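Please arrange chain B on chain A, whose structure you already have, making use of the hints.
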Amino acid sequence: MDFDFIAKFYPMYIKAGILTLELAFLGIFFSITIGILCMAIRYFHIKPLKPLVTGYIELSRNTPLLIQLFFLYYGLPKLGINLSSFSCAVIGLAFLGGSYMAESFRLGYESVRISQIEAGLSIGLNKTQILYHIVSPQAFRVALPSISANVIFLLKETSIVSIVALADLVYVAKDIIGLYYKTDEALFMLVMSYLAIILPISFALSIWEKRMANARS
Amino acid sequence: MQGVNILFEQETLMRLMQGLLVSLEISVISIIISVFGGLVLGVLMSLKNKPLYWLLKICLEIVRIMPTIVWLFIFYFGLTRATGMHISAFMASLLVFSVWGVFEMMDIVRGAVVSIPKHQFESAQSLGLNKFKIYTYVIVPLAFRRLVPGAVNLLSRMIKTTSIVVLIGVVEVVKVGQQIIERHVFTNNMAPFWVYGFIFFLYFIICYPISKFSKKLEERWG
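If you read the sequences in order, they're chains A and B.
By this note's numbering, the letter at position 36 of the first sequence is numbered 36, and the numbering carries on one by one without gaps.
To convert, take the position in the second sequence, counting from 1, and add 1000; that gives this note's numbering.
Just chain A, same shape as in the assembly:
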C-alpha cells in the first residue's frame, strides 16, 4: 500500500464523497416527498390519481435504477428534454426511491387500527385532522425502520451515477485504477469512503429507531 499516493489523491475522494452526499440528500428528500404524496392520494381516495400512483409504483419498483438513468440521460434528449447529469441522477433517485418510500408509508398507515380513525370521527375531526393528529404519528413510528432501510438503500444506489458522467466515488476509483494502476490504493480508499458515509448515517438511524420504539412502549 502506497500511503504517499493516498495522501496525494484523497482530496479527490472527499470531493466525490460530497457529491454523493448531495445527491443522496436531494434524492432522499424528494423520495420522501413523493412517498407522502402517494400515501395522501391513497388516503383521500383521489380517484383519477389512484391508478396513476399504482402504475408509477409498479413501474419504478420493477426496473433497475441504471436503466432509468440511461433512459433519462440518453433517451429523453431525443424528445427535446435535456437534463444535466446532476438533475438526471436526482430525478432517477427520486423516481426509484419515491415508490419505496410510498410502500413504507403505506405499511405504517395500514398498521393504524380502524378504531383509531373511528374514534377520531366520533369526536368530530375531519379526515385531514385525523391524518395529521391521529394517523401520522402512529404510522410514522411503524414505518420508521422501513424508511431508514430505504435511506441506506438509496445511499448505496447513488454508487451507479458514474454512468451519467458524474464524478462520484466509483468514477474516481475507476479513473485512478485506469490511469495509475494503483488498484489496491484506489479500492482501499473507495471502501473507506463508503464506510465513512454509510456507517455514521446507519448508526444514527438505528439510534433514532430505538428511541422511537422506546417512546411507544
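What the hints contain is simulated information worked out from the structure, not anything from laboratory work.
Treat the hints with caution; some may be incorrect.
What the hints assert, rightly or not - Covered by chain B, according to a simulated footprint, are these stretches of chain A (three or more residues, beta-carbon under 8 Å):
(1) 30 to 38
(2) 110 to 123
(3) 162 to 170
Stated by the list, open to error - List of simulated lysine-lysine pairs, DSS-like, C-alpha gap at most 30 Å:
(4) A:K156 to B:K1131
(5) B:K1131 to B:K1057
(6) A:K47 to B:K1118
(7) B:K1133 to A:K156
(8) B:K1133 to B:K1048
(9) B:K1133 to A:K47
(10) B:K1212 to A:K50
(11) A:K78 to A:K174
(12) B:K1131 to A:K50
(13) B:K1118 to A:K156
(14) A:K156 to B:K1175
(15) B:K1216 to A:K50
(16) A:K127 to A:K47
(17) B:K1216 to B:K1131
(18) A:K174 to A:K8
(19) B:K1175 to A:K210
(20) B:K1215 to A:K78
(21) B:K1216 to A:K174
(22) B:K1131 to A:K47
(23) B:K1048 to A:K210
(24) B:K1050 to B:K1133
(25) B:K1215 to B:K1131
(26) A:K210 to B:K1118
(27) B:K1057 to A:K210
(28) A:K210 to B:K1215
(29) A:K156 to B:K1212
(30) B:K1175 to A:K182
(31) B:K1175 to B:K1212
Here the structure is a predicted model, which is why all the values come from computation and not from measurement.
Beta carbons: idealized from backbone N, C-alpha and C, even for Gly.
The following block gives chain B in isolation, referenced to the frame of chain A:
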C-alpha cells in the same frame, strides 16, 4: 414514433435477447447457489450457538454495507491484483452475486426458522428424531411457506441488480443496447430513446410478474 423501426429489425431483437440471456444467466446461477447456501447457513444461524451466530451476522453486515458495484470492483480489479490470477468480468459478477445472495437468503431463512413455534421442536424431539432429522423433516418444511415470499422478492432484486455488471464490462443486455445505438448513430437519431426504453420494459416484463407473485404468496402464506 420516428425511428421506432429499429426495434423491429430482427438483428436488433436477436442481439438484445442474447444480451438478456447473459444477464439472466448470472442471476439464475447465483440464485440457485444462494438458495442452497442460504438454507444451510440460515439453519446454522438459527441454532443457538452464539459465536457462530455473530460470525455469520458480521459477514452479513459486511456484505450489506457496501454498494454492490464496490464489491464488483473489489472482486474484478482487486482479486486479480491480490492473487495474480485473472478472473473474467462474468466470473466476478457470478461470485459477487452468489455471495450477496447466500447471505441475504441466510437472513430470510433464519427469520423463518426462528418464527417456528418452540413446541414443534419439542414434539419432534419427543418422537426421538435427531437434530438433523428435525430440521430436514419438520422445521425447514414448516419454515418454507414463510420464507418463500421473501426469497422471491430477493430473486427480483437480484435480477434488477445484475444490470450494473455492465460497469465492469460484462457484455449483457445494456452493453448490447449501447453497441446497437453506436451502430445506428448516423442513421437513426432516435435510437437511444427506443433501445433504452425497450430495455426498461424488458426488465419490467421480467420483474413485474415475479413481484406480483411474491405479493400473492405473502397474502396467502404470510
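A quick look at each hint next to the structure:
{"no.": "1", "hint": "30 to 38", "result": "violated (count 0)"}
{"no.": "2", "hint": "110 to 123", "result": "violated (count 0)"}
{"no.": "3", "hint": "162 to 170", "result": "holds (count 3)"}
{"no.": "4", "hint": "A:K156 to B:K1131", "result": "violated (40 Å)"}
{"no.": "5", "hint": "B:K1131 to B:K1057", "result": "holds (22 Å)"}
{"no.": "6", "hint": "A:K47 to B:K1118", "result": "violated (47 Å)"}
{"no.": "7", "hint": "B:K1133 to A:K156", "result": "violated (41 Å)"}
{"no.": "8", "hint": "B:K1133 to B:K1048", "result": "holds (17 Å)"}
{"no.": "9", "hint": "B:K1133 to A:K47", "result": "violated (54 Å)"}
{"no.": "10", "hint": "B:K1212 to A:K50", "result": "holds (18 Å)"}
{"no.": "11", "hint": "A:K78 to A:K174", "result": "holds (29 Å)"}
{"no.": "12", "hint": "B:K1131 to A:K50", "result": "violated (51 Å)"}
{"no.": "13", "hint": "B:K1118 to A:K156", "result": "violated (38 Å)"}
{"no.": "14", "hint": "A:K156 to B:K1175", "result": "holds (22 Å)"}
{"no.": "15", "hint": "B:K1216 to A:K50", "result": "holds (21 Å)"}
{"no.": "16", "hint": "A:K127 to A:K47", "result": "holds (16 Å)"}
{"no.": "17", "hint": "B:K1216 to B:K1131", "result": "violated (33 Å)"}
{"no.": "18", "hint": "A:K174 to A:K8", "result": "holds (16 Å)"}
{"no.": "19", "hint": "B:K1175 to A:K210", "result": "violated (44 Å)"}
{"no.": "20", "hint": "B:K1215 to A:K78", "result": "violated (37 Å)"}
{"no.": "21", "hint": "B:K1216 to A:K174", "result": "violated (42 Å)"}
{"no.": "22", "hint": "B:K1131 to A:K47", "result": "violated (56 Å)"}
{"no.": "23", "hint": "B:K1048 to A:K210", "result": "holds (25 Å)"}
{"no.": "24", "hint": "B:K1050 to B:K1133", "result": "holds (22 Å)"}
{"no.": "25", "hint": "B:K1215 to B:K1131", "result": "violated (33 Å)"}
{"no.": "26", "hint": "A:K210 to B:K1118", "result": "holds (27 Å)"}
{"no.": "27", "hint": "B:K1057 to A:K210", "result": "holds (20 Å)"}
{"no.": "28", "hint": "A:K210 to B:K1215", "result": "holds (29 Å)"}
{"no.": "29", "hint": "A:K156 to B:K1212", "result": "holds (25 Å)"}
{"no.": "30", "hint": "B:K1175 to A:K182", "result": "holds (26 Å)"}
{"no.": "31", "hint": "B:K1175 to B:K1212", "result": "holds (28 Å)"}
Checked against the numbered hints above, the structure breaks hints 1, 2, 4, 6, 7, 9, 12, 13, 17, 19, 20, 21, 22, 25 and satisfies the rest.
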